[in-house]
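**Student:** For reference, the chains in residue letters:
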Amino acid sequence: MNAPQIPAAILIILIPLMTSYSIPLLGWRWRGAGYYLALLAIGASLVCSLILLYTVLTVGTIHYHLGGWLPPWGIEYVIDPLNGFVGVVVCCLSFLVTLSSRASVEKELADKKVRFYTIYLLLFTGLMGITVTGDVFNLYVFLEIASLTAYALIAIGEDGAPLAAFNYIIMGTIGACFYLLGVGYLYIMTGSLNIADLAKLLPALYGSKVVLVALSFFLIGTAIKMGLFPLHVWLPDAYTYAPSAVSSFIAPLMTKVMAYILIRVMITVFEPSYSLKAVPAGTILSWLAAAAILAGSILAIAQSDFKRMLAYSSVSQIGYIVLGVGLANATGLVGSLLHILNHGFMKACLFTVAAALMLKTGGRNIYQLPGMHRRMPFTMAALAIGALSMVGVPPTCGFFSKWYLILGAIEAGQWVFVGVILLSSLLTAVYFMRMIEIIFLRPAPSGGNESGEGVRDEIPLSMSVPLWILAAGILLLGLFNERIVSGILRLALPAGY
Amino acid sequence: METISSIKPLGAVLVSLIAAMLILVTGDRHRNLRETWTLLAAVIKFSLVFSLVGPVLEGRSVETTLLTLVPGLKLQLRVDAFGLVFGLLASGLWVLTSIYSVGYMRSLQEHAQTRYFFCFALALSATMGIAFSANLLTLYIFYEILTLSTWPLVAHKETPEALAAGRKYLVYTLTSSTLILFSAAAIFVQTGTLDFTPGGFLAGRVAEGMLPLLFALLLFGFGVKAAIMPIHEWLPSAMIAPTPVSALLHAVAVVKAGVFGCLRVILYVFGPALLIQKGLWFPFALLVSFTILAAGMIALGEDNLKRRLAFSTINSLSIIILGALLRSKSGITGGILHLANHGFLKITLFFCAGAIYVKTHKELVSQLDGIGKQMPLTMAAFTIGAMGLAGIPPINGFISKWYLCLGALEAHEMIFLVVFLLSALLDVAFLFPIVYNAFFKDARGKPPHFDEAPRAMLVPLMITALVSVILGIYPDAFLRFFSLAAMAVQNILGGG
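Protein sequences appear in the order of chains A and B. Offset between the first sequence (1-based) and our numbering: plus 165. Numbering follows our numbering, in which position 141 of the second sequence is assigned residue number 122; successive positions increment by one, without gaps.
Worth flagging that the hints you see were computed from the coordinates, not collected in a lab. One thing to keep in mind: the hints can contain errors.
[Unchecked claim] Restraint ranges, calculated between C-beta atoms of paired labels, are given here: (1) B:F271 to A:T526: 28 to 38 Å; (2) A:P542 to B:N285: 33 to 43 Å; (3) A:P659 to B:R10: 52 to 62 Å; (4) B:L403 to A:G652: 57 to 67 Å; (5) B:A410 to A:W580: 38 to 48 Å; (6) B:F263 to A:A364: 57 to 67 Å.
From a predicted model like this one, the values you see are computed outputs, not experimental measurements. Here a beta-carbon is modelled for each residue, glycine too, at the ideal position from N, C-alpha and C.
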């Protein structure tokens, strides 16, 4: 069912794109303009994304034809429950993270503020473009926009940031090239670049080796971009050395959008019965995911740098999302989609805490944090909520993604993966409970008095308000996850699930 | 059974959650206000729970449905007779423990009192949630919250030893939680429900081969908190916590939550009929019997008073589980009654241990010669506790042990009758010498004069001792434990 041509579908890209061009112009006069313009643009996109999701759920899938050109010759933006959902998640998290970025940008990147927000907004545009587009090549364009801006943003950090960004450039470009090759092969075989069109034309060609290779290239490309083990090696350095505001933005969002590309390819461009079962991509993905889940958790235990620990944790969490896809059943996919939302909130919360710690202490070493709850009680409380959610303690949201994934694995008869998920919860508990113990239970270094009132030094409101919204979100999304699952995610499942 | 919908169960859970938040906000600056929140919440909680006794004894269950958690499962509280026994025990004893805590913490001028009272209130919220959970997922949620809220209490002293005990506690409890989660998910996929049903709901709905595995996983899952051997080791280590923590949590709330979970699994998920049919009950009855006897024997050799009491607790908890596993009417009644009675007895003993520590800083049994002359009231209460555990009338322990022995006879299992009797002997052996030494031996060093514990600590322990005596003479007094237990058993065996 087609919905009318809603302007929100194009405005969601256009507003941040145009605003990003105006930031350097206005920034020439008023250096603080970047923050407010970015916030305004992302806020507008958030409103658009909500309108789009609402329309999709009430009326039907939206098809917006760019320039009035009809598909499959023209580019169209297609919004169905799946990317409507992802769009809202990306916009919401972007808004909250951008809100919190002011203080850390001021401290770490004061002289580069204007350029920073310009590129930042372009990154957001890229991510949103990937989310709403219905054309595989248009997706590549936005993918490259997002990637290049991300490389630039990471490179302006301290320590090993330029090297980390360089590693990321090399690996990321290889990944994007694989994706492009996949697009190319499909174009050669079908003559079309439109997702819906490909979905119609490809089933006749499933016997072709070229199509099989195209699928494989899509998988490899997205795997590199997502940081799926063992192609994750760019991720820890990139997340650790990037400026605080950048890691808070990239960590919750970038890999999730790449996971969205994987899901889109596996269930819309190709039919799940082909992509996940005939080609045993489902099995391959599940086993890689299981390895990612365990490897990420184990490596995280060895870290004493907070952001590096979170980076390896992300490697593990990407594993969860891919596992849900690989299980090839409804419950598993619901778990994946829910985890896109949940992990986004959790990592945004945790990385914002990391930004707060960088702001106040200048360090990332977790062993220097005993007694921090006296200095920054609210921030540390948010950390505790985020940590408990990562471990999977109910009723936080992290528990529920695991619940669906466990159910999906049991339904698929894959008891090994159930064991993997449970084991990883325990491993995650090791490094997150350790952090909570260090902060809350270990005696503060000499000089801490009983109430510690005099040493309270909390982060500014621009950072703590979004942090608290994220922390509250973790609890609320957990308690009310059933509404999201039944109301949105069930509708996003492909036919036949 | 008629079901009433009411906000009271939710109220009982939430009142201490709200108090916990208020405690955090009040902080150390206004200590008396902070303590008021705890006491107020405890009294309100107990009143709410007590008001549920009437409807439940009339045969109705009181329910609060909160929201649908995942498709097919609700976050739901349902108060039935069995849950109410646990709820009454925990909420009633919290009132007394709160008063005791204030005395203990202030006498020793302990640090981090706000964190202590905050975690305590949170733990009691979770305990109420466990007592009133209507299904296994709701129970699991509150069970996890209980683990996390009691962890800072175990590690309270912040010494390396305390932190290590805390870590051990977490490792044991979180690992066992994954076993419970796995079993809940597996059961849900096969049966589509996790609601507790008197007499069990698994019969005929779960694949035959999975039943022993699920039973083992669930019992070991809950068995960590219930301190079944060989997964009991966290409990003696946790004795490093302040004594009020050991008294309420590790003699009453946390360990009883584990036992409560085990009994829910035995009586409301699997059901006695299924367990007999599949012969599943026997291996576990043997395991807990081993725990009973081994723990009793280890207690004989422990010089540290709290550790000795910890092993006594391990001994008693397995007695409760054995009673339920005996699947006979008296056996289950005895088990449920002992859940309540042991709570009062053990908390008395721990209160006494704490009083002794506050006054004399003595922790070892060998140091307690002649202390009865210094603290006669405390040691009198201790004696009552010891008599009750051994099963000597007219203390309440006698009633529950009588029913347990009857239960063994009804089930024609002589071996377990012997186990019960041997454990009573062991109780005498490791508790009575303390009493004898306290009263009939002379203290080393200077002759003692009457110097009892502060009133805030002395009064609660005398009350719990007195209640133990009253319940020994009239088991159904005031809290109606006996009627509730009998009603629960009737539902389980009648419906199953």
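**Student:** If a hint holds in the structure, say so; if it does not, say that too.
**Tutor:** The hints, checked one at a time:
Distance hint check: the CB atoms of B:F271 and A:T526 are about 52 Å apart, inconsistent with the given range 28 to 38 Å. Checked against the hint of 33 to 43 Å, the pair A:P542 and B:N285 passes, with Cβ atoms roughly 36 Å apart. One distance hint, 52 to 62 Å for the beta-carbon pair A:P659 and B:R10, holds here, with the actual separation near 58 Å. Our hint of 57 to 67 Å for B:L403 and A:G652 holds, since their Cβ atoms are close to 59 Å apart.
Distance hint check: the CB atoms of B:A410 and A:W580 are about 47 Å apart, consistent with the given range 38 to 48 Å. As the Cβ distance of B:F263 to A:A364 is approximately 59 Å, the hint placing it in 57 to 67 Å holds.
The structure fails hint 1 only (numbered hints given earlier).
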